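Student: Each chain, letter by letter, is given below.
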Amino acid sequence: MTRRPATPIHNRIAVLRAERGLSRQDLADALDINYQTVGYLERGEYNPSLDLAFAIAALFELPIEAVFSATPFEPMSARLYGRTTDPGEPTTVA
Amino acid sequence: MTSPFVTFVRFMPRASQRTRRLLVAGAFLGFPLLNLGYATLVAPGRLSSTVWAPIAIALFSATLIGVVAIYGYARGRADMKAGLDERQRQVRDQAWIHAYELLILAVTVVVGAMALVTSFGGPLTIGMSELLPLAIGIGLYLPLLPSAMLTWSEPDVPAELDDEPAAQR
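Listed in order, the protein sequences are those of chains A and B. Residue numbers for the first sequence, in our numbering: 1 to 94. Residue numbers for the second sequence, in our numbering: 1001 to 1169.
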C-alpha cells in the first residue's frame, strides 16, 4: 500500500548513512522506526513527517536543508569536482 | 521442533504478494462457496454428499489456511494499539479505510439485492438455515477485513530491505 508520494521530497539519507558506516537497522534503532521505513525513505517512496525529518537531520548533525530538498540534490562528484558529464567522459574541474 | 502452524505463520511476512492474494482469496471465497454449494447442490439433492464431502473439505481448508495466513502476515500491524512507526501507521490506516469502503460496498449490494428481490419477487423469508452461516461469516470476516486488506495490498518488500538486519548484523 506504500506508493511513491505525489510530491517527492529528495533526501541524502543513503549517502549520509553510508558515510557514517551505519546499517539501516542502526539508523532505524536510533530513530525508533522500522528498518524497512529507512529503505522506503531512501528510495523516495515515503515522505517523512516534519518530526521525523528534523530527527534525521539532528542525528546526522546537519541542517535540515542539507538532508532534504524539494528539488533533486546535485551529485557529490559534481559539487566537489564540477563534473557535469557522465563518468566515461573527461572530467572538468571547476 | 516447531509445528507446521508456527512455521507457516513465520513464513507469511516473507510471502510474495501473489501468494498472499491467493491465500486471501481462498479465505474469503471458501466459506461462502461452501454454504452456497450446499444450499444449491446438496440440499436440493442435485449432488450426493459423498461427492460433495471432498469439495467441502477443500473449501473449508482454503478458508482455514487463508485465515491463518492473514493472521501470520498482518499480526500486530493492523491493530490500532500496535507500536508502529509513522509509515506503518499510515499503511495500517489505509488498510482500515479500504476495509471500510469494501464493507460499505458489500452492505449496499446486499441491501440493494434484497430490495430488488422483495420488490419484484414478493416477500423474502430468511430462516435459521440461512441466518446461521451468515452470522458465522460476518463474525469471521468482519474483524479480519483490515488485516486481509493489508495482506492483499502490501507490495513485495525489495530483497535488499528484507535481508538488511541479517546482512548487517
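Bear in mind the hints are in silico, worked out from the structure with no lab data behind them. Because the structure is a prediction, the values reported are computed rather than measured. Just so you know, even glycine gets a beta-carbon here, dropped at the ideal spot from N, CA and C. The reader is advised that the hints may include incorrect statements.
Some chain B residues near chain A, calculated using beta-carbon distances under 8 angstroms [said to hold, decoys possible]:
# : residue
1 : Asp1085
2 : Glu1086
3 : Ser1129
4 : Val1157
DEER-style ranges, computed between Cβ atoms [to be verified]:
# : chain 1 : residue 1 : chain 2 : residue 2 : range
5 : A       : Pro8      : B       : Leu1102   : 38 to 44 angstroms
6 : A       : Gly21     : B       : Glu1101   : 50 to 56 angstroms
7 : B       : Leu1102   : A       : Glu65     : 52 to 58 angstroms
8 : A       : Arg4      : B       : Pro1123   : 49 to 55 angstroms
Student: Is the shortest C-beta separation between B:Asp1085 and chain A less than 8 angstroms?
Tutor: holds (4 angstroms)
Student: Taking the CB of A:Gly21 and the CB of B:Glu1101, does the distance hold inside 50 to 56 angstroms?
Tutor: Hint violated: Cβ distance 45 angstroms, outside 50 to 56 angstroms.
Student: Classify the hint on B:Glu1086 as holds or violated, based on whether any CB of chain A lies nearer than 8 angstroms to its CB.
Tutor: holds (5 angstroms)
Student: If you take the shortest Cβ to Cβ gap from B:Ser1129 to chain A, is it below 8 angstroms?
Tutor: violated (39 angstroms)
Student: Next item in the hint list is B:Val1157. Is there a CB on chain A closer than 8 angstroms to its CB?
Tutor: With a minimum Cβ separation of about 6 angstroms from chain A (threshold 8 angstroms), the hint on B:Val1157 holds.
Student: Is the distance from the Cβ of A:Arg4 to the Cβ of B:Pro1123 consistent with 49 to 55 angstroms?
Tutor: holds (53 angstroms)
Student: So does A:Pro8 sit 38 to 44 angstroms from B:Leu1102, Cβ to Cβ?
Tutor: About 29 angstroms separates the Cβ atoms of A:Pro8 and B:Leu1102, which means 38 to 44 angstroms is violated.
Student: May I ask you to test the hint 52 to 58 angstroms on the CB atoms belonging to B:Leu1102 and A:Glu65?
Tutor: This hint is violated: roughly 42 angstroms between Cβ atoms.
Violation of the numbered hints given earlier is confined to hints 3, 5, 6 and 7; the remaining hints are satisfied by the structure.
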